[in-house]
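Could you put together the complete structure from these sequences and hints?
In order, the protein sequences belong to chains A and B.
Just so you know, this note's numbering puts 53 at position 53 of the first sequence, and the rest follows in order with no gaps.
Just so you know, this note's numbering puts 174 at position 60 of the second sequence, and the rest follows in order with no gaps.
Derived from the structure by calculation, the hints contain no laboratory data.
Keep in mind that a hint or two might mislead.
Partial chain A-side listing against chain B, Cβ under 10 Å, derived [to be verified]:
id, residue
1, 37
2, 41
3, 63
4, 107
5, 108
6, 110
Computed from a predicted structure; not experimentally measured.
Just so it is clear, CB atoms sit at the ideal spot from N, CA and C, and this is done for glycine as well.
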Amino acid sequence: DVKVTQSSRYLVKRTGEKVFLECVQDMDHENMFWYRQDPGLGLRLIYFSYDVKMKEKGDIPEGYSVSREKKERFSLILESASTNQTSMYLCASSSPTGAGNTIYFGEGSWLTVV
Amino acid sequence: GQQLNQSPQSMFIQEGEDVSMNCTSSSIFNTWLWYKQDPGEGPVLLIALYKAGELTSNGRLTAQFGITRKDSFLNISASIPSDVGIYFCAGPPNNAGNMLTFGGGTRLMVKP
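Here it is as structure tokens:
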């Protein structure tokens with residue numbers, strides 16, 4: 001079975017803390033994505049990466065950074081967490097071919113910033 | 115930013131009823147995708163549509179790619195409790211390959 005694994009399902013962090021959300025995929029996919037999901041807003045793209053050490057900003061990159069040191073791992077970093085970053089974060093991966101039907105999502109990470 | 119308008123935002127229906135939801139865009143999409151997200155899980159692809167006018171079924175689910183390429187519909191027939199979840203439409207804006215824009219989601223609740 002294909003698998004995208006997010007290391008933490010539920011986190012509670014304090015305002016100002018540095019937060020790492022880790023994602024690993026076992027499908028040898030080139031593309032990896034980080035989305036956040038908020039009620040009524042759907043899934044919004046934060047950052048994506050199409051190769052090791054490559055990254056591109058998505059729709060809402062402010063307050064976030066990413067790291068892709070290995071093909072299978074894509075990390076989302078909140079340098080200084082704020083309460084408006086309380087959300088559900090979804091990692092996804094895909095191969096360059098196809099149009100969406102090769103995109104696989106992780107189970108999500110619920111982050112609460114207090 | 116988000117380019118897809120999905121409606122309704124939520125539905126509360128009786129088990130056995132049929133369900134219909136739709137998604138519209140101000141720009142043309144060449145691919146329409148429908149995902150379902152179970153509570154506490156990540157979205158899973160249900161149906162993919164690649165041609166205008168295409169009608170595709172997956173069990174009790176049927177989706178259509180609008181002729182104008184600016185809309186898509188998802189219908190669920192004879193709903194059951196496990197249909198509960200959030201349904202998202204999605205597509206690649208400007209034919210951006212594996213980049214997807216998502217609708218706001220339709221939350222479906224089914225009363226047994």
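We went through each hint and held it up to the structure:
no., hint, result
1, 37, "holds (8 Å)"
2, 41, "holds (6 Å)"
3, 63, "violated (17 Å)"
4, 107, "holds (5 Å)"
5, 108, "holds (5 Å)"
6, 110, "holds (9 Å)"
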